[in-house]
Amino acid sequence: MLAKRLIPCLDVKDGRVVKGVHFVSLRDAGDPVEQAHIYDAEGADELVFLDISATPDGRATVAPMVRRVADDVFLPLTVGGGIRTVDDMRAILLAGADKVSINSAAVKTPELISAGAERFGSQCVVVAIDAKRVAMNNETMNNEQWADGQPPATNNQSQATNPQPPTTNHQPRWEVYVSGGRTPTGLDALEWAARVVELGAGEILLTSIDADGTKNGYDLALTRAVAEIVPVPVIASGGAGSLAHFAEVLTEGRADAALAASLFHDKLLSIGEVKSYLAAQGVVVRR
Amino acid sequence: MIALIDYGIGNLRSVQKALEHVGATVTLTEDADTILAADKVVLPGVGAFGDGMKGLRARGLDGVVREVVRRGAPLLGICVGMQVLFEASDELGLHVGLGLLPGRVVRFAPRQLKVPHTGWNEIATRQSSNLFRDLPAGSFAYFNHSYYCAAAPELTLAATDYGGPFASVVGRGRLYGIQFHPEKSQAVGLTLLRNFVEQG
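Sequences listed follow chains Z and B, in order.
With the first sequence counted from 1, adding 1267 to any position gets you our numbering.
With the second sequence counted from 1, adding 13 to any position gets you our numbering.
Bear in mind the hints are in silico, worked out from the structure with no lab data behind them.
Hints are supplied without guarantee of correctness; some may be wrong.
[Claimed, not checked] Part of the chain B face toward chain Z, derived, beta carbon under 10 Å: (1) His34; (2) Gly36; (3) Val59; (4) Arg124; (5) Gly132; (6) Phe156; (7) Asn157; (8) Ala172; (9) Tyr175.
[Stated by the list, open to error] Residues of chain Z clear of chain B, computed beta-carbon distances all greater than 12 Å: (10) Arg1294; (11) Ala1311; (12) Ile1319; (13) Asp1338; (14) Leu1361; (15) Gln1438; (16) Pro1439; (17) Thr1452; (18) Leu1466; (19) Gly1469; (20) Glu1470; (21) Asn1483; (22) Ala1494.
[Unchecked claim] Restraint ranges, calculated between C-beta atoms of paired labels, are given here: (23) B:Ala200 <-> Z:Asp1295: 33 to 39 Å; (24) Z:Asn1483 <-> B:Asp147: 29 to 35 Å; (25) B:Gln212 <-> Z:Met1268: 45 to 51 Å; (26) B:Ala200 <-> Z:Met1268: 17 to 23 Å; (27) Z:Ile1319 <-> B:Pro178: 41 to 47 Å; (28) B:Asn143 <-> Z:His1304: 49 to 55 Å; (29) Z:Lys1482 <-> B:Gly76: 45 to 51 Å; (30) Z:Pro1323 <-> B:Gly186: 37 to 43 Å; (31) Z:Asp1295 <-> B:Glu211: 50 to 56 Å; (32) B:Pro115 <-> Z:Asn1483: 53 to 59 Å.
Just so it is clear, CB atoms sit at the ideal spot from N, CA and C, and this is done for glycine as well.
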């Protein structure tokens, strides 16, 4: 049976790890190879490197960094951050990454998804979606929805006969944000998820902006809603704080993988501990 | 010396590094003479089946790979490099393969399954093989693919369950194919590669 995956996410800047494992006797805590080895030994199923370099020079360090890690650590690698063109994707894949993750660039240029999938195969193309729950009667979203001055078309009889803002007394909705979760796009997260898969995305890395950093658990409703509509694997991200959170998101949330950053980096939980717990809960994990 | 065939597709570097890690001397090459002179040959592959076959044919390597197998030198195909050993694939239209092994390459049934089949899945050995020496029972390997080889039971050295069993390792004589990525499957993958390098 296919195992559920646990994935640590490392932030890198200018080729150095800026958010990674703490409190270990690292010779060099900023060295991506050393960081990767630690997580490999702990039983990580895959590593995500997110480049947060702010400059072209910084971004140019990513492919060489990936090459150093991939030459030495025989584990699947997903690399995201600042990837804007098919050539960017190619450079990262040739350096030894298994998948590239695109986020803002996919929203700006959806054709990048199909171009990448055609060139390298869907299995190499991950689309990262940062989603934020739309508050009830949220003005911004409603204005977006009703931009033409008409209620949105709907199959829902009660809505059609009694036009109300779409979020009222209905399923929760989520909006896609870009630029590190700062910029709203007006896109509905579920619609966007379905669209990126149509375009050729082979996996979705789904982050709840609301849950991210809270350690109060993944957004189960969001994760499940996306996992149920897309025919590709979903990596849940944002909010991991306890053993139970992992079990929840991988069962109730229907995620195929769970990503965490600071929880693992700060050693609040080790990957081994999480895997033992999941196995005891009947979740299939690689041991 | 192991010839790692460079036919213009995918990430060859990780396969090369993994083979070197287990002690092999690897030459990345598209030269027919070098490939035919090698002790063993590895045919890697990431990407689409059709592109892979096109890359082989454009370099005249389809005939070279057949000749390697005819001479009985150990050859290992990985992922798409395994798939092209078969007769044909349905990926993005009908494509004819090398036909060194009988069977077709088909897509996982969508709707019931998440496709691609991405992640770590168990490899259950069906036949004894040199490749499996020192491999613990119930080992997991890393897969990332949407198509699989519909191989006959007699070719299937190991099977993996994804909506039903499919061939994750195939072999006939000294010709082998691995559907998962041994170069990305940590200790399990390195064990298989070491076995190929040391025994074949």
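If any of the earlier hints don't hold here, list their numbers in rising order.
Of the numbered hints, 2, 8, 11, 13, 14, 19, 20, 22, 23, 24, 25, 28, 29, 30, 31 do not hold.
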